Amino acid sequence: MTHSTDSICHLHILVDFISLFCRILELLKISFWDRKMEVNDNEIDDLNAPLLQLEDSVTITISEPVQTIHKKNRRVVFKIRNIKCASCVVSIESVLKNLNGVEDVTVSPIDGQAAIQYNPLLISAKKIKEAVEEAGYPVDKFPDQEIAACRLRIKGMSCTSCSESVENVLKMVGGVKKAVVGLSLQEAKIFYDPELTNTDRLKEAIEDAGFGADLISSGDDANKTHLRLAGVTSEEDVSIIQSSLESAVGVSHVEVDAAENKVTVTYDPDITGPRSLILCIQEAGHGTKCYEASLYIPPRQRETEQQHEVQMYRNQFLLSCLFSVPVFLLSMVFPMLHPFGNWIEFKIYKMLTIGTLLRWILCTPVQFIIGRRFYVGAYHVLRLRSANMDVLVALGTNAAYFYSAFIAIKAMTSDTFEGQDFFETSAMLISFILLGKYLEVVAKGKTSNALAKLIDLAPDKAHLLSVDDDGHVNSEMEISTQLLQRGDKIKIFPGEKVPVDGIVTDGQSYVNESMITGEAKPVSKKTGDKVIGGTVNENGLLIVKAANVGSETTLSQIVQLVEAAQLARAPVQKVADTISKFFVPAVVLAALVTWLGWFVPGIAGIYPKQWIPKSMNEFELALQFSISVLVVACPCALGLATPTAVMVATGKGASLGVLIKGGNGLEKAHKVKTVVFDKTGTLTVGKPEVVSAVPFSSISLEDFCDVAAAVEANSEHPIAKALVEFAKKIRQNFQSSSSRVMEVMDFEVHTGAGVSGNVGDRIVLVGNKRLMHSFNVPVDPEVERHISENEQLARTCMLVAIDGKVAGAFAVTDPVKPEAEHVISYLRLMGISSVMVTGDNWATATAIAKEVGIEAVFAEADPLQKAERIKRLQANNTAVAMVGDGINDSPALVAADVGIAIGAGTDVAIEAADIVLIKSNLEDVITAIDLSRKTISRIWLNYVWALGYNILGVPVAAGVLFPFTGIRLPPWLAGACMAVSSLSVVCSSLLLQSYRKPLQFHETKQTTYCNKCGQRRRMFKLVFG
3 MTHSTDSICH LHILVDFISL FCRILELLKI SFWDRKMEVN DNEIDDLNAP
53 LLQLEDSVTI TISEPVQTIH KKNRRVVFKI RNIKCASCVV SIESVLKNLN
103 GVEDVTVSPI DGQAAIQYNP LLISAKKIKE AVEEAGYPVD KFPDQEIAAC
153 RLRIKGMSCT SCSESVENVL KMVGGVKKAV VGLSLQEAKI FYDPELTNTD
203 RLKEAIEDAG FGADLISSGD DANKTHLRLA GVTSEEDVSI IQSSLESAVG
253 VSHVEVDAAE NKVTVTYDPD ITGPRSLILC IQEAGHGTKC YEASLYIPPR
303 QRETEQQHEV QMYRNQFLLS CLFSVPVFLL SMVFPMLHPF GNWIEFKIYK
353 MLTIGTLLRW ILCTPVQFII GRRFYVGAYH VLRLRSANMD VLVALGTNAA
403 YFYSAFIAIK AMTSDTFEGQ DFFETSAMLI SFILLGKYLE VVAKGKTSNA
453 LAKLIDLAPD KAHLLSVDDD GHVNSEMEIS TQLLQRGDKI KIFPGEKVPV
503 DGIVTDGQSY VNESMITGEA KPVSKKTGDK VIGGTVNENG LLIVKAANVG
553 SETTLSQIVQ LVEAAQLARA PVQKVADTIS KFFVPAVVLA ALVTWLGWFV
603 PGIAGIYPKQ WIPKSMNEFE LALQFSISVL VVACPCALGL ATPTAVMVAT
653 GKGASLGVLI KGGNGLEKAH KVKTVVFDKT GTLTVGKPEV VSAVPFSSIS
703 LEDFCDVAAA VEANSEHPIA KALVEFAKKI RQNFQSSSSR VMEVMDFEVH
753 TGAGVSGNVG DRIVLVGNKR LMHSFNVPVD PEVERHISEN EQLARTCMLV
803 AIDGKVAGAF AVTDPVKPEA EHVISYLRLM GISSVMVTGD NWATATAIAK
853 EVGIEAVFAE ADPLQKAERI KRLQANNTAV AMVGDGINDS PALVAADVGI
903 AIGAGTDVAI EAADIVLIKS NLEDVITAID LSRKTISRIW LNYVWALGYN
953 ILGVPVAAGV LFPFTGIRLP PWLAGACMAV SSLSVVCSSL LLQSYRKPLQ
1003 FHETKQTTYC NKCGQRRRMF KLVFG
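In this text, residue positions in the sequence shown follow this note's numbering: the first is 3, and each later residue adds one.
Hints listed in this document are in silico derivations from the structure and should not be mistaken for laboratory results.
A quick note: this is a predicted structure, and the numbers were derived from the prediction, not measured.
Hints may be right or wrong, so weigh each one.
Stated by the list, open to error - Computed list of lysine-lysine pairs in BS3-like fashion (alpha-carbon distance at most 30 Å, straight line): (1) LYS873 - LYS675; (2) LYS179 - LYS226; (3) LYS131 - LYS86.
Based on the provided sequences and hints, a complete structural model is requested.
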């Protein structure tokens, strides 16, 4: 009879639960359609609005909420032509001031420049331009519509669903062109139209979605300095300083924070700098009023936020333990200890025991105060019609808590009811999840160690030299590195770090560049050589002229590239994105099926009653299994699989001298089966040198070299410079005056052929056979034979003709890089074929290819033909990488699946590439491909681990093993497993930090000499990682 009554009671509970579940679905459906109607009616119009609004419709189309955002006026500066006198200025100013929305107008009659402050809500910049032109004054240098960019720190993201939600919310903001959200970096980069929205609106949108947002950078932060003001006591002082800075040459924007006495100035580094701005503020003082300014360095937000997050999770975990440990003891330990067991089971009111009441009291703060973050996260993510880990945790803990509360209330209202509460499940579950989160954020912090080390390379102080017009040093002072300006002279003592990029003007030393390039051997530096900021001066004193400062230094550019790469999503991330869309709903459904699968057969008596623990009934056993299913499933591990691996790999690559610009290049590199090399500057050193000079007439070698060098001295071509340098050495060998200069008249460059000019009364041609033929200069068989012999040796012949006759020839060679042959051989071992594509002649190209071991050669190709050759190789379904260094390589770098630029190459090539090799060493091509393979393998291993954990964990939590082995996964233990899964994925990615180069090429000190010619040879050592 009792069993029948309990069964009926349980059936009523089941009916009530199903009714409640249907009601929730109905409410969610109503909320969904209401939300959808709202989006369709209001937000889709904003998304479809053009990026650049017509000026006549500006005041009509901007909605009221946006109007509260643009509280600050905008400023536009442009040139006005045909200003002849003061009356023209008055006319223009009167026309503009009559426009609604124009706040202030300043027109300079000297340079014809106009600066207008206007309200973007009332008038557009284009309308202002048209008004000036209608007044009869043409407008020049009008700024194009800009797409602004900003970076925001996002707080509260835990999995891929969170990052997708933030990204979708940002894209729904009117004016946003593109938004990229990085889960591992906890950052978002947004490109937007500043006329339609701003950073405040973007932050509000993110906060409305339930996530925190802080501004990291906005606009052009490349040349921005922060100064702290002293002596400012009134608004008049602020106005004076702001006006003084705005009128300074080179300043583009000034933003003053009067409350904090700080000012932020954006400037042109070619014109001014931080020290000039500080001097400008000091000179703004008048009478007894003095102003002072000092450099203010804002704290690094990433490190601060990371430390705050670690501390928050640690404090929350410790606070939860303060309650959950006593709950655990009261539930699991004390009942088995005498006399605590009897005391805990003492009934204080009807069937309510002291133990149940204490567990209820202790569990409540953990559930609703410490666990509040899960409720908030679940609410916001459900409001966006998505789901994440917070939803699973909230459902699981709520099920345990409220069922336990129901048991406690039922015990207070019954004289015979006996039930088992699960308060320890709720409390312990939240505690273990917080512990897992704490360990996870600590581990994630280590993934950005490489980037942090790069940032810390730059020294804080520098020794600035004050130099007079004659170059004499007047004084020396120690200043902050951030106060250095372009053109400053800096003294670098032995053992000190180079503060900024520069050129050595005096001194000689060895500089350790291993922290930037990965090359352990110190590099010799002398006058005229470049030095990189962050490197270490080994043993000599150097005087360096600053060339790149602030964000323009090589170190800053590397950090920016690595940050951009870590923010970008790899295509393999789509796997996690796709799974995450269905993951949480599938888990909720699995939990419901688990509950029904244990409860209904239990009521029907299908499985033996002995399976049910003595302290439980059918409903409670089914509830425990369903809660375990909810909390054991972990979408976070899937979301972290790719971004953590990419973050570690890009940071490790940067420390090894390989800059990977994004996840796309990183992923494609592992598929590469063909590598196409450019010749000059890639396979070869890129610095031609003359190896021989052969006169074909009675002219002396000295005179022959002087005449040729006189003409080539006017050319900037690398071969011309090599020829001039060779002529200097010949004069020194003949003990002639090295300052001998011959005057050249009618100098002319013949593109792709050579140069010509008149030296005295002689007509001199220096170039290839094509130049000789164009001037009808006969090339004798002896000369042809000499050219052929040198081309077989991979040398280029430069013919010299004097007065219509070939007088001699220079043999020029570009030495092959010593590691080139070994790199090609190692690529072959990796299953990768090598191809050479060059614009050089076939004979030279074939000789170089034979020397390094490349079989496929395509010569005499222009830039477009190089790109076309790449496309032909890709037509065979082969992933192709292009390695190049020059402007002529940029089309091929773009056309290739992976573009790899030599770091010493041109800016255009580096910009077009996916991967940049800082050291310009060819073995780093192998490093880039091998690191890509290791990273993608690690990502898939992370996926296998994350999916495998869920595939195995969910059935075990659902009780599949329970009938056969008696193994049951309690909810609190399931929560611990879930926390460990995320931690394991992060730790798996961290193993990439132990990556070593597969091939290293070192020059040794050992020297040998050729038995035939006595030429000295350098010895090299191969190191296999």
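- prompt: Which of the listed hints are broken here?
  reply: none
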